[in-house]
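Input sequences plus hints: build the corresponding full structure.
Same order as they appear, the protein sequences are chains C and W.
Numbered by the working numbering, the letters in the first sequence go through residues 1 to 532 in order.
Numbered by the working numbering, the letters in the second sequence go through residues 1 to 124 in order.
Simulated from the structure, these hints should not be mistaken for laboratory data.
Only a predicted model underlies this, so the values are computations on that prediction, with no experimental measurement involved.
Going by beta-carbon spacing under 7 Å, a handful of chain C positions derived as facing chain W:
(1) Arg194
(2) Arg202
(3) Phe208
(4) Leu215
(5) Ala219
By construction, the Cβ of each residue, glycine as well, lies at the ideal position given by its N, Cα and C atoms.
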Amino acid sequence: MTAAWAIASLILLPLAASALAFAFPRRGRWLALATALTTGVAVVHLTRHVITAGVQVHRAGGWGAPLGIDLRADGLGVLMLLVTSLIGLAVSLYAQSYFTAHEPDRPRETGGSGRESDPSAGEKSRSRLASAAANRPGREAEALHRERYFWPLFLFLWTALNALFLSSDVFNLYVTLELVGFAAVVLVALAGTRAAVTAAMRYLFVSFSASLFYLLGVALVYGQSATMDLPSLAATSRPGPTLFVALALMTVGLIAKAALFPLHFWLPPAHANAPAPVSALLSALVVKGSFYILLRLWFEAFPALLTPAVAQLFGLLGAAAILWGSLNALFQTRLKLLIAYSTVAQLGYLFLLFPLAAAREGGFAAWSGGLIFLGAHACAKTAMFLTAGNILHAAGHDRIEDLDGMTHVLPVSVFALGLSGMSLIGLPPSSGFAGKWLLLGAAIAQGQWWWVAVILVGSLLAAAYVVRLLAHAFTRVGEPGMPNPIPPVMEGTALALALLAVAMGFASHWLAELVRVGAPVAGAMLGGGATP
Amino acid sequence: MPDADHRIYLLAGAALFAIGFYSLLAQAHLLRRIMSLNVMGGGVFLVFIALAARTPGVIPDPVPQAMVLTGIVVSVCATGLALALADRVQAATGSVELEDDEEAGDRPVPRPDPSADRKDTHSA
Numbered sequence: 001m002t003a004a005w006a007i008a009s010l011i012l013l014p015l016a017a018s019a020l021a022f023a024f025p026r027r028g029r030w031l032a033l034a035t036a037l038t039t040g041v042a043v044v045h046l047t048r049h050v051i052t053a054g055v056q057v058h059r060a061g062g063w064g065a066p067l068g069i070d071l072r073a074d075g076l077g078v079l080m081l082l083v084t085s086l087i088g089l090a091v092s093l094y095a096q097s098y099f100t101a102h103e104p105d106r107p108r109e110t111g112g113s114g115r116e117s118d119p120s121a122g123e124k125s126r127s128r129l130a131s132a133a134a135n136r137p138g139r140e141a142e143a144l145h146r147e148r149y150f151w152p153l154f155l156f157l158w159t160a161l162n163a164l165f166l167s168s169d170v171f172n173l174y175v176t177l178e179l180v181g182f183a184a185v186v187l188v189a190l191a192g193t194r195a196a197v198t199a200a201m202r203y204l205f206v207s208f209s210a211s212l213f214y215l216l217g218v219a220l221v222y223g224q225s226a227t228m229d230l231p232s233l234a235a236t237s238r239p240g241p242t243l244f245v246a247l248a249l250m251t252v253g254l255i256a257k258a259a260l261f262p263l264h265f266w267l268p269p270a271h272a273n274a275p276a277p278v279s280a281l282l283s284a285l286v287v288k289g290s291f292y293i294l295l296r297l298w299f300e301a302f303p304a305l306l307t308p309a310v311a312q313l314f315g316l317l318g319a320a321a322i323l324w325g326s327l328n329a330l331f332q333t334r335l336k337l338l339i340a341y342s343t344v345a346q347l348g349y350l351f352l353l354f355p356l357a358a359a360r361e362g363g364f365a366a367w368s369g370g371l372i373f374l375g376a377h378a379c380a381k382t383a384m385f386l387t388a389g390n391i392l393h394a395a396g397h398d399r400i401e402d403l404d405g406m407t408h409v410l411p412v413s414v415f416a417l418g419l420s421g422m423s424l425i426g427l428p429p430s431s432g433f434a435g436k437w438l439l440l441g442a443a444i445a446q447g448q449w450w451w452v453a454v455i456l457v458g459s460l461l462a463a464a465y466v467v468r469l470l471a472h473a474f475t476r477v478g479e480p481g482m483p484n485p486i487p488p489v490m491e492g493t494a495l496a497l498a499l500l501a502v503a504m505g506f507a508s509h510w511l512a513e514l515v516r517v518g519a520p521v522a523g524a525m526l527g528g529g530a531t532p
Numbered sequence: 001m002p003d004a005d006h007r008i009y010l011l012a013g014a015a016l017f018a019i020g021f022y023s024l025l026a027q028a029h030l031l032r033r034i035m036s037l038n039v040m041g042g043g044v045f046l047v048f049i050a051l052a053a054r055t056p057g058v059i060p061d062p063v064p065q066a067m068v069l070t071g072i073v074v075s076v077c078a079t080g081l082a083l084a085l086a087d088r089v090q091a092a093t094g095s096v097e098l099e100d101d102e103e104a105g106d107r108p109v110p111r112p113d114p115s116a117d118r119k120d121t122h123s124a
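Printed below as a string of structure tokens:
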């Protein structure tokens, strides 16, 4: 497979699958698995091309940069594609059983459908729907309805994300960002509850107005530079007040979409009220898309405008996000809200990349550290949200106070929760540790000790909220209530991702070498054997 | 040096954007907020068009116009989605405004309580 084919199929395959899943709703689950496998092959091929032959460019339709659309794959883009494939595969597996099994507040005596994990689950529910009035048909029909729309939307989100990570001009990034936003908003509303549609509506207003801020910036950039291609922008743009205003507008829009403090207010309700697989997608991938564009803009297109003051401002907002998000996570009463606030905090670490990678000394260590952290958070947070889905399903609620004894009931899920929590805190040898270690090393090497303090306090707070969860889960109670049974694939997927979040720490050197391909920041990993 | 006409359109575009954004924040009714988004979008498109035509006497640059066309398509889709969602919000909450107390998102939102289900089962 050539690189061009790999690039094209990464966008076209999920798009075709999405259209097919919409036309043939019953085949959605298989289409998603097929997409996961085929795009998985494509992304592995593309990764090998990028590692051996450097940055790959595909000129769509053979038009070429100024007029046509260029698709580019460099180390950073491929890393995002790899993470997307991984999370996509996990969610494809998890959601095989989630919708048919998920009836959180179902009285026990109706029994039954929770055990279904076989392919004909949908058919069974359908026949039961026809036969048994006592089985509350409304609820089952609702679950089927949700699953019917979940698959096409999920595949469409996948398409949009892949296209986003392959785009190389600022307008194409706008279009793909909007596509991601469309899919994400509808996926939040999919839960159908009053809280979910309200959160989705608020998310829509934030997301679309933020996109317009970005688009206004694009207009001004084009007015200044007469090009939208990221590499050409770096060559042609002259730093000046107009360009600075343009970049400021784009940044405000992207910060709102990436939920960086203080524009994070929409995230907790949206992420906490969505169905579990959707929460995972939003926290692991969607917010990262906007962060990815910010990296492209500031480090690749307009590095001259990334002055120390701007970089410190990003870091300051990141630090505020870490503290505010962690403190809020600590005082949440619901598990899913705790995880959502933890996302607010963890996104803060990503923005520490700006002050640390912009510096001359140890810039690449911070760059690779931040990106490893991004991958680590994607895996760990997906595992956590999927686990929360399991707990919500088994217990019928996600009140943290009432999780006592959960470890006797759901040992696998609690183990997954612990492992992913380990990566969030940054305990060795997890990938969260590798990322934080590189960021810390860069901060120390550059003498920016204040970020060291922020990272350490953030880790302590993360430890506090993870331990608070686990303490409840491990509290022995006399007679733990017997939960609804959980399909093994739902527990298995969460555990696999949590293990991966830890194991990825051992691959951090490989990941760092991957993101070096075409990286805008040069330099060695930390000297003196400081790499984990 | 841009001529006066082009600058008027630029300023008008910026003003529309600002007015739209202000009313997005200030209005509570969902329809008004969706219209605000459209006003903001109109402002952005006007800026694009003004920039395309900024050199007098020369055929305007077609690239921003192509971008505006794409932008209009996106904007129509966004409006359709927003209207459909607003309809769902009204169906779910009985209100055409978003509730304020969920603004911070801190308040735990209980799932539909089991008592409602029990009622269902009894009636069935």
